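Enquirer: Chain by chain, the residues:
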Amino acid sequence: MSKYILIAILNFTTVCFVSAQQKKNDPVFDNWFAQQPQPILPQTNTPPPPPGVPLDGGLIALIAAGGAMGYKKYKDRNVE
Amino acid sequence: MEPWDIKSIKTETLNSNLSNSEKKKQPWISSAAFSDKGFRDFIIRFLSTLVVLTIIYEAYLWFTEQQRELDWITYKVSELSHALATALGVANCEFSCFMDGCRIGVEGKMINVLEGCNGLMLALVYASYIVGSGGYKWSSLVQVIVGIIVVQFFNVLRIGILVVLRDIGGDAYFFFIKYVFNVLIYISILFLWILKPYVDRAFEKEA
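In the order they appear, the protein sequences are chains A and B.
Residue 307 is where the first sequence starts when you use the working numbering, and the numbers rise one by one after that.
Residue 933 is where the second sequence starts when you use the working numbering, and the numbers rise one by one after that.
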């Protein structure tokens, strides 16, 4: 009989110890054990870069204009 | 031609009504244009020069990227634009460069000068036309150098004035950046192309 009482006490102690350990690590429980120090993270919302001043938006049009000017030049030369 | 081929009948009737000179004028750029040796050579020189120059430029950009540096042209254009903006009276005009470009202007009102803003691709198209039209001559080289200086002058002027306009504030900045300066630079290139025959004649007279 004393053997069963000893096993029961041992089980009870183990369950209490494990549950206390769980409370300490589990952030769901708001108690003194659960107060973990939070790491301080740097702010990631950096300001957007300033606007660019692009220029090469009409390159294809410029190449086409060059081709057209060349065509006109050789056409005029043939007429002469 | 079959009797039910209405399209062919219509085309034939139309062509028969046109005179010979009108028939010649009909297509704007016909295949005959490419059979003209002069024009064909121009197109080949123009496009091949453009491709070669673009490959060299892209290789240079790739090299500077590997070195983790900003390309020299973007840096110089930004530096001169900063000097111009300061000379035009922008107080506390700051200038800082990174790998992707330079930032110029007053804190909080800066503009970003990236690789696509340095105007060199426009200069390469200009140079390709000059070489395509004039061939590989000394006069072409002189015109290319002068043209690149003119294009870069307008570009520095553009960025410098944009820094001033951004400092002043208002909607004028967006209007100028979107329309006025781009049109000005493109027109300057077309103007240089139009001037080319006159410059060629001047070179021929000297020779």
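To be clear, the hints were calculated from the coordinates, so they are not data collected in a lab.
What you are looking at is a predicted structure, and each value in this text was computed from that prediction instead of being measured.
Ideal Cβ placement from N, Cα and C applies to all residues, glycine included.
Heads up, a few of these hints could be off.
To be verified - Derived Cβ-Cβ restraints for the label pairs, each shown as a range: (1) B:LYS969 with A:ALA367: 47 to 53 Å; (2) B:VAL1038 with A:ILE366: 32 to 38 Å; (3) A:ILE346 with B:ILE1081: 27 to 33 Å; (4) A:VAL385 with B:GLN999: 50 to 56 Å; (5) A:PRO357 with B:GLN998: 24 to 30 Å; (6) A:ILE369 with B:LYS969: 53 to 59 Å; (7) A:PRO357 with B:PHE1123: 25 to 31 Å.
Enquirer: Are the hints correct? Go through all of them and say.
Expert: Going down the list of hints, with the structure as the test:
1. B:LYS969 with A:ALA367: 47 to 53 Å: Check failed, 27 Å falls outside 47 to 53 Å.
2. B:VAL1038 with A:ILE366: 32 to 38 Å: With Cβ atoms ~35 Å apart, the hint holds.
3. A:ILE346 with B:ILE1081: 27 to 33 Å: violated (54 Å)
4. A:VAL385 with B:GLN999: 50 to 56 Å: About 53 Å separates the Cβ atoms of A:VAL385 and B:GLN999, which means 50 to 56 Å holds.
5. A:PRO357 with B:GLN998: 24 to 30 Å: For A:PRO357 and B:GLN998 the Cβ distance comes to about 28 Å; the hint holds.
6. A:ILE369 with B:LYS969: 53 to 59 Å: violated (22 Å)
7. A:PRO357 with B:PHE1123: 25 to 31 Å: holds (29 Å)
The structure fails to meet hints 1, 3, 6 from the earlier list, while all remaining hints are met.
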